[in-house]
Amino acid sequence: RAAGARIKLIGDGDLSAGIAAAVIGTGVHAVMGSGGAPEGVITAAAIRCLNGYMQGRLIIDKPELEERIARMGIKDKNKVYEAEDLAPGKQLIFAATGVTDGALMRGVRFFGEGTRTSSVIMTLRTGKVRFIDSIHLEKGPDVKVRFS
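So the mapping is simple: our numbering equals the position in the sequence shown, first residue as 1, plus 5.
Calculated from the structure, these hints are not laboratory results. On a predicted model such as this, the values are computed, not experimentally measured, just so you know. Heads up, a few of these hints could be off.
[What the hints assert, rightly or not] DSS-like cross-link-like pairs, simulated, lysine-lysine; straight-line CA separation at most 30 Å: (1) K82 / K95; (2) K67 / K82; (3) K13 / K67.
With the hints as extra help, turn the sequences into a complete structure.
Laid out in structure tokens, this is it:
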């Protein structure tokens, strides 16, 4: 903080925060903390599509996890993984839809006859990032649409 850094504590949304750190203009420059391994793999896929960088390692804090990683064939429980270790390959596709408002997408918005969602699709091979704004209407003859 003495250097001018701001700290924002997050309870949920570690995927969104991790991805936001790879995007200029979000105000997020680094993310540190712990989360689930599946979320780390998903974040790594997005980070690779955005030419970002990340590191992660397993936190083994319960005996069940010790047994689980042994069953998975993980030998070095202290290894530091990078994005390419977690999401290898050359044809990655990342897709997500915002549930709550975040730095990259708005959350689901409800209106009388439907919902509006914001999604993103990223591809590693093409380097494209596409944002999709969708309206999902309920059936009925008197359905009205709102674009705001």
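Against the structure, the hints:
A hinted pair counts as satisfied when its Cα atoms are at most 30 Å apart, and K82 with K95 qualifies at roughly 26 Å. Our distance criterion of 30 Å between C-alpha atoms is met by K67 and K82, whose separation comes to about 13 Å. Between K13 and K67 the alpha-carbon distance is near 28 Å, which keeps this suggested pair within the 30 Å criterion.
Violated hints for the displayed structure: none, as all numbered hints are satisfied.
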